[in-house]
Structures are given as C-alpha cells and as structure tokens.
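Enquirer: So the chains spell out like this:
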Amino acid sequence: MKRKSVHEPKAKLMSAEDAWDDAHRIAKVLRQNLLKAEPAVRLQIPLSIFISALDTLKQDELKLLRRQVEERLAV
Amino acid sequence: MAQTKLNARLPGVSYAVSNTGPLISAFQSDSFSLLTKIFAEIHIPMSCVAELEKHDWAEKIQAASPQLSVVKLTANEKKRAMIVAEQIAQDPNSRDPVATNHLGEAEAIVLAFRSEYQDDLILLDELAARAVAQKMGLEISGFPGVLLLAVHNRLISPEGLKV
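These protein sequences, in sequence, are chains S and D. Its first residue numbered 1, the first sequence is counted upward by one per residue in our numbering. Its first residue numbered 1001, the second sequence is counted upward by one per residue in our numbering.
If you're looking for bench data, these hints aren't it; they were derived computationally from the structure.
Here's a subset of chain D near chain S, in silico, CB distances under 7 Å, partners left out:
1) Ser-1014
2) Ile-1038
3) Leu-1127
If the Cβ cut is set under 8 Å, some of the chain D residues that face chain S in the computed set are:
4) Leu-1010
5) Gly-1012
6) Thr-1020
7) Asn-1093
8) Arg-1095
9) Asp-1096
10) Asp-1125
11) Gly-1142
12) Pro-1144
13) Asn-1153
For glycine and all other residues, C-beta sits at the position ideal for the given N, C-alpha and C.
Sequences are here, hints too, so could you generate the full structure?
Expert: Right, here's the structure in full:
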C-alpha cells in the first residue's frame, strides 16, 4: 500500500475513556434524532403482505426505504 | 473541488460535520462506509478538502460522494473560524501555536454551529480542538468513538476492530 503523509503528527489525541464517552454521545444523539422524527403509525398487517408490497415500489422509493432501514439497523 | 449540492434530510437521521483527522482515519481503515451506516451524511468545510488532497486522499473524496458533502463557508464564517483557530492554538492541549495550522478544525467547528446541524455531531480527534468545541457547547466525537459504537451495534466485530 502506498504510504501517505501524516496529518498533524504532533497533535495530542484522546484517551480510551474519551473514546468510550464519545460512543455514548453518538448513541444519545442518534436516539434523540430518531425520537424527533414524525410519529410512526403501527399498521396491523402480516409481514408477508408488507414484503410483497415492496414489489410495487419504484427504484427511488426502494432506495429511500433502504436508507431508512440502514439507519434503524445502525442504532 | 466543487461544492456539493446538499440533499433534503430525511426525518430522524443524523449527520456529522467532520474535520480532516477522522476522515483520514476512516479512509486509511477503509471504514468510510461504516461512518455512513451511523451518519446519513458527513459534511466537511473546504479547508478540510484541501488538507485531504494534500495528504493524497483526493480519489477517496470523490468515491465517498454523495455521502460526503463539501460545504463552503461564508466570509463571516471564515472570519469566525480564524478566531476559533487562535483559540485552538492557545489551548493547553495544543502542541502547535500557529493558528493557521488549525483552520481545518476551526472551520468544521464554525460549520457545526449552522442551525441545520443543531441536532448533529462534530467529528474531531485532536484534543485541543475537542476542548474548544466542547467549551462552545458542541456534541463531539472522535473516530475511535465511532468504531466503539459500531462494535456495540454489531456493525463490525471486535476482531475487525483489532485488524
């Protein structure tokens, strides 16, 4: 692999404790933002119906859905 | 590099404003896609693009688009960034007293103060910049914190973190 130059080699970096606090801080922000989203309506439909409904979605709608699913999986 | 057109934000998603260091760590470890599993988009100021290009990461910036957006600061924001850069240079944690060497972090901090990022985080690894950003009330994280959360959320395995 080609070696690249180092950015700010003299800079002081964080401790393991800082990294742990950071992880908690990110989780808190992600959770707060999810809670601020529009309230979800719980639909009582079988999962198989929901999955088959995906066939009716257009390409851009599927991409939007994928991003939403990935966001939820990341939390 | 041209400024990226910003997309409309989906409800509930989080963005991150980033400085150069965390992005270099992500590129070096091939983890940019991991960042975008946690944050819908990463936004950086132009000065960070210049720093990334200086360190030979131009190709990675292109490949990371559209999840990596470049934002141009206004003249007023640039003036504020210079003041923040001086604060970073003078912070007890700083090992570099030259303010202009901290413009990347300073511009990222000023950018993070825009109203559209009020519910988001700023990614900063350097202690002096983190101290200044925290004093200013920003929610911060470094790249190691992103990796720890990714392990916790099973986006990567603990073994993957060691490699």
